[in-house]
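From first to last, the protein sequence lines are chains B and F. Going by the numbering used here, the first residue of the first sequence is number 0, and it counts up by one from there. Going by the numbering used here, the first residue of the second sequence is number 46, and it counts up by one from there.
The reader is advised that the hints may include incorrect statements.
[Said to hold, decoys possible] Here are the simulated EDC-like cross-link-like pairs (lysine to aspartate or glutamate), alpha carbons at most 20 Å apart as the crow flies:
(1) Lys91(B) to Asp132(F)
(2) Lys91(B) to Glu137(F)
(3) Lys128(F) to Glu358(B)
(4) Lys57(B) to Glu68(B)
(5) Lys96(B) to Asp93(F)
(6) Lys275(B) to Glu530(B)
(7) Lys107(F) to Glu358(B)
(8) Lys529(B) to Asp273(B)
(9) Lys120(B) to Glu114(F)
(10) Lys133(F) to Glu358(B)
(11) Lys562(B) to Asp579(B)
(12) Lys107(F) to Glu89(F)
(13) Lys412(B) to Glu318(B)
(14) Lys125(B) to Glu89(F)
(15) Lys91(B) to Asp93(F)
(16) Lys246(B) to Glu264(B)
(17) Lys59(F) to Glu358(B)
(18) Lys118(B) to Asp93(F)
(19) Lys74(F) to Glu323(B)
(20) Lys313(B) to Glu137(F)
(21) Lys89(B) to Glu89(F)
(22) Lys107(F) to Glu143(B)
(23) Lys125(B) to Glu137(F)
(24) Lys426(B) to Asp416(B)
(25) Lys91(B) to Glu68(B)
(26) Lys128(F) to Glu116(F)
(27) Lys57(B) to Glu99(B)
(28) Lys411(B) to Glu376(B)
(29) Lys547(B) to Glu264(B)
(30) Lys313(B) to Glu323(B)
(31) Lys23(B) to Asp190(B)
(32) Lys74(F) to Asp61(B)
(33) Lys59(F) to Asp472(B)
Honestly, the hints are just simulated from the structure, not real lab data.
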Amino acid sequence: MDDSESSQRVILGISGSPGICIGKAYVVEREGVDIIKRYFIPEDRIQPEINRFKSAVKKAKDEHAAIIESLNDDLSSQLNILETHMVLFKDKMLYGKTIETIEKEQVNAEWALKKVSLKVKTMFQKLDDPYLQSRVTDIVQVSEQVMRHLVGAQDIKIAEINKRVILVAHDLSPADASQIQLERIKGFVTDRGGRDSHTGIIAKSLAIPSVLGLGNVTQFVANDDIIVVDGSSGMIIINPDEDTLFKYEDRRARYEEYRAGLARESHLPAVTLDGKRLSLMANIELVEEVVSVRDNGADGIGLFRTEFLYLDLKRFPTEEELFEKYKELVELVTPRCVTIRTLDINGDKVLPYSDTIEEANPALGMRAVRFCLSRPEIFMTQIKAILRAAAFGNIKLLIPMISCVEEIIEVKKIIDDAVWALEEEEKIFNSDIPLGIMIEVPSAVIMAEELGHYVDFFSIGTNDLIQYSMAIDRRNRQVSHLNQPLNPAVIRLIRMIMDAAHRTGVKVVMCGEMAGDPVNLPVLMGLGLKELSMNPGSIPVVKQMIRKINSTDTKNLVDEILKMGKVADITDLVKTRYKDILPLGESDEHQ
Amino acid sequence: MTDYKILSRTTTIKNALGMHARPAAMIAKLALNATAAIWIGDGENRADASSIIDMLSLGCPKGYEVTLEAENEADMPILDSIKDIIDKGFGENLDG
Numbered sequence: 000m001d002d003s004e005s006s007q008r009v010i011l012g013i014s015g016s017p018g019i020c021i022g023k024a025y026v027v028e029r030e031g032v033d034i035i036k037r038y039f040i041p042e043d044r045i046q047p048e049i050n051r052f053k054s055a056v057k058k059a060k061d062e063h064a065a066i067i068e069s070l071n072d073d074l075s076s077q078l079n080i081l082e083t084h085m086v087l088f089k090d091k092m093l094y095g096k097t098i099e100t101i102e103k104e105q106v107n108a109e110w111a112l113k114k115v116s117l118k119v120k121t122m123f124q125k126l127d128d129p130y131l132q133s134r135v136t137d138i139v140q141v142s143e144q145v146m147r148h149l150v151g152a153q154d155i156k157i158a159e160i161n162k163r164v165i166l167v168a169h170d171l172s173p174a175d176a177s178q179i180q181l182e183r184i185k186g187f188v189t190d191r192g193g194r195d196s197h198t199g200i201i202a203k204s205l206a207i208p209s210v211l212g213l214g215n216v217t218q219f220v221a222n223d224d225i226i227v228v229d230g231s232s233g234m235i236i237i238n239p240d241e242d243t244l245f246k247y248e249d250r251r252a253r254y255e256e257y258r259a260g261l262a263r264e265s266h267l268p269a270v271t272l273d274g275k276r277l278s279l280m281a282n283i284e285l286v287e288e289v290v291s292v293r294d295n296g297a298d299g300i301g302l303f304r305t306e307f308l309y310l311d312l313k314r315f316p317t318e319e320e321l322f323e324k325y326k327e328l329v330e331l332v333t334p335r336c337v338t339i340r341t342l343d344i345n346g347d348k349v350l351p352y353s354d355t356i357e358e359a360n361p362a363l364g365m366r367a368v369r370f371c372l373s374r375p376e377i378f379m380t381q382i383k384a385i386l387r388a389a390a391f392g393n394i395k396l397l398i399p400m401i402s403c404v405e406e407i408i409e410v411k412k413i414i415d416d417a418v419w420a421l422e423e424e425e426k427i428f429n430s431d432i433p434l435g436i437m438i439e440v441p442s443a444v445i446m447a448e449e450l451g452h453y454v455d456f457f458s459i460g461t462n463d464l465i466q467y468s469m470a471i472d473r474r475n476r477q478v479s480h481l482n483q484p485l486n487p488a489v490i491r492l493i494r495m496i497m498d499a500a501h502r503t504g505v506k507v508v509m510c511g512e513m514a515g516d517p518v519n520l521p522v523l524m525g526l527g528l529k530e531l532s533m534n535p536g537s538i539p540v541v542k543q544m545i546r547k548i549n550s551t552d553t554k555n556l557v558d559e560i561l562k563m564g565k566v567a568d569i570t571d572l573v574k575t576r577y578k579d580i581l582p583l584g585e586s587d588e589h590q
Numbered sequence: 046m047t048d049y050k051i052l053s054r055t056t057t058i059k060n061a062l063g064m065h066a067r068p069a070a071m072i073a074k075l076a077l078n079a080t081a082a083i084w085i086g087d088g089e090n091r092a093d094a095s096s097i098i099d100m101l102s103l104g105c106p107k108g109y110e111v112t113l114e115a116e117n118e119a120d121m122p123i124l125d126s127i128k129d130i131i132d133k134g135f136g137e138n139l140d141g
């Protein structure tokens, strides 16, 4: 723009995590690796040189082990990468080859390591598999870590940063990220990294403003430069002029006010402009999450996933163990309701102790209720625990993956058996609780009206419903573009469910990811959904949006959408019509 | 070398992502306990199973047939456990 007298510089990158921050740069340098001197080592000094290399590897490994040790739970997803690095340190092709090079070529350890790692790097870059190519990062990070110990370069201890700064780095390794102290770091920007890279995942989990993939930002920024990080639009401004600074201060304040406003209003009910009230509930997996359920103003728990306890133990949990957990949860949430979904195992989660059947296609195999019906004793244990906990609060029972009428009949038989057994055992329980099924298989949508005769409510699981109806494996990146909640086929399926539910007088809740994304909200409201369950963190944003929507308008919107055949047209229509009320970051105000 | 015994196992890579860094690290951890070399080959090339980097250079995607070879009969149990983790898809997603 007007760069005549200012040195302001704008660089575009990729949004890591939304939000705006302004602060001083702290450049994490990883220099020293490229300026390696080569010198010869006399014969009698070879062994000491090898020892010097070995000791550098040991130091790097020890340091790495300490990081793994100190890893906190939110970063445990990075454990795999860090543990792979641990093995890489002593990899023959790196460790062995470097020692060999020192011996054979009589060169210093730094030079040998650089030569070997460069060779490995080029070898990988020649492979045609992009996934393996990207693994070069692992090898580079490991050899750089050793190199820093070799040249005695002072390693930047991110954990020791003692002022509020914006980190500027070439890339953040998982080891770096796990040391970030959130109260010290305002945001971060990196040269490397994309949305799906390690760094991208880190950015999302840290939830501080960040911009990635800026090319060579580390070369333009000096320590203490003022930078503006606009994580929402993926842009940074180095040394902003006064006007820009002023503008962004204002924008930052507005963003923070917006976040604060969301938090303040999150406890008020979600009522539309025309007075229709929606019920927003939370999807959770752990009893500990009850705090965030409350903080975000959820009207109850729309989905409690019960797999955790089964995955945590080395065996199937007992009725007593399950009962204690469910009772604890119910007592915490009372008087609001808790929807407990029975074991949904073997799809993307496998019990290590259960004799797993080899399945070429587990998503289409013995999962969820199919597994439970094949092992009725395990299913019965869980049902008994749920019925007993129901005596202490407001519980709904939800059965996943129902694909035909016979299954629900069989489930009901097992529930009857459970009731009978509890009576025999003279236990306190409550069997007068709503029974629901997940509608997540296309056959269940088609048979929804029949199924409705057997149950009190439907819960639409959009993640699986989309997977099964679009025939896409949710974790196969090559078909991820077809994971489209607003695909006309998906919208029609939901409408079929709503119609069937209406005819049979069954309630409907949606608990898939689709429910938590603000873009889908007008469509879901137009389709007649009144109960939505989502990640607790999404509730405030969705609530705020509901308050700005007129429900009659959404009916008209859906009528228009049902005439459309292309997902892009539908998305455009929703985004244009609701651009003023879509949350910040969704509607792109910078364009 | 003269009375060379065939100490090998053949199997197929089953996980969706193929043999990337984490699976290679799992194999290497096992192979490092062997008394002699353990090799993993894709028919054309073979790699040292104790080296992640060497194995990655094979670039085995899902569906690839791999042959495991031991040089010492005493290492056959290790060969079997490597085959076992490959067969279990390294505990990863098998579809894709």
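These are the hints, each one checked on the structure:
no.: 1; hint: Lys91(B) to Asp132(F); result: violated (25 Å)
no.: 2; hint: Lys91(B) to Glu137(F); result: violated (26 Å)
no.: 3; hint: Lys128(F) to Glu358(B); result: holds (17 Å)
no.: 4; hint: Lys57(B) to Glu68(B); result: holds (16 Å)
no.: 5; hint: Lys96(B) to Asp93(F); result: holds (13 Å)
no.: 6; hint: Lys275(B) to Glu530(B); result: holds (12 Å)
no.: 7; hint: Lys107(F) to Glu358(B); result: holds (15 Å)
no.: 8; hint: Lys529(B) to Asp273(B); result: holds (14 Å)
no.: 9; hint: Lys120(B) to Glu114(F); result: violated (27 Å)
no.: 10; hint: Lys133(F) to Glu358(B); result: holds (11 Å)
no.: 11; hint: Lys562(B) to Asp579(B); result: violated (24 Å)
no.: 12; hint: Lys107(F) to Glu89(F); result: holds (16 Å)
no.: 13; hint: Lys412(B) to Glu318(B); result: holds (19 Å)
no.: 14; hint: Lys125(B) to Glu89(F); result: holds (17 Å)
no.: 15; hint: Lys91(B) to Asp93(F); result: holds (9 Å)
no.: 16; hint: Lys246(B) to Glu264(B); result: violated (27 Å)
no.: 17; hint: Lys59(F) to Glu358(B); result: holds (11 Å)
no.: 18; hint: Lys118(B) to Asp93(F); result: holds (17 Å)
no.: 19; hint: Lys74(F) to Glu323(B); result: violated (40 Å)
no.: 20; hint: Lys313(B) to Glu137(F); result: holds (19 Å)
no.: 21; hint: Lys89(B) to Glu89(F); result: violated (26 Å)
no.: 22; hint: Lys107(F) to Glu143(B); result: violated (31 Å)
no.: 23; hint: Lys125(B) to Glu137(F); result: violated (26 Å)
no.: 24; hint: Lys426(B) to Asp416(B); result: holds (14 Å)
no.: 25; hint: Lys91(B) to Glu68(B); result: violated (25 Å)
no.: 26; hint: Lys128(F) to Glu116(F); result: holds (16 Å)
no.: 27; hint: Lys57(B) to Glu99(B); result: holds (18 Å)
no.: 28; hint: Lys411(B) to Glu376(B); result: holds (14 Å)
no.: 29; hint: Lys547(B) to Glu264(B); result: holds (13 Å)
no.: 30; hint: Lys313(B) to Glu323(B); result: holds (18 Å)
no.: 31; hint: Lys23(B) to Asp190(B); result: holds (17 Å)
no.: 32; hint: Lys74(F) to Asp61(B); result: holds (18 Å)
no.: 33; hint: Lys59(F) to Asp472(B); result: holds (16 Å)
In the structure shown, a violation is registered for the earlier hints numbered 1, 2, 9, 11, 16, 19, 21, 22, 23, 25, in ascending order.
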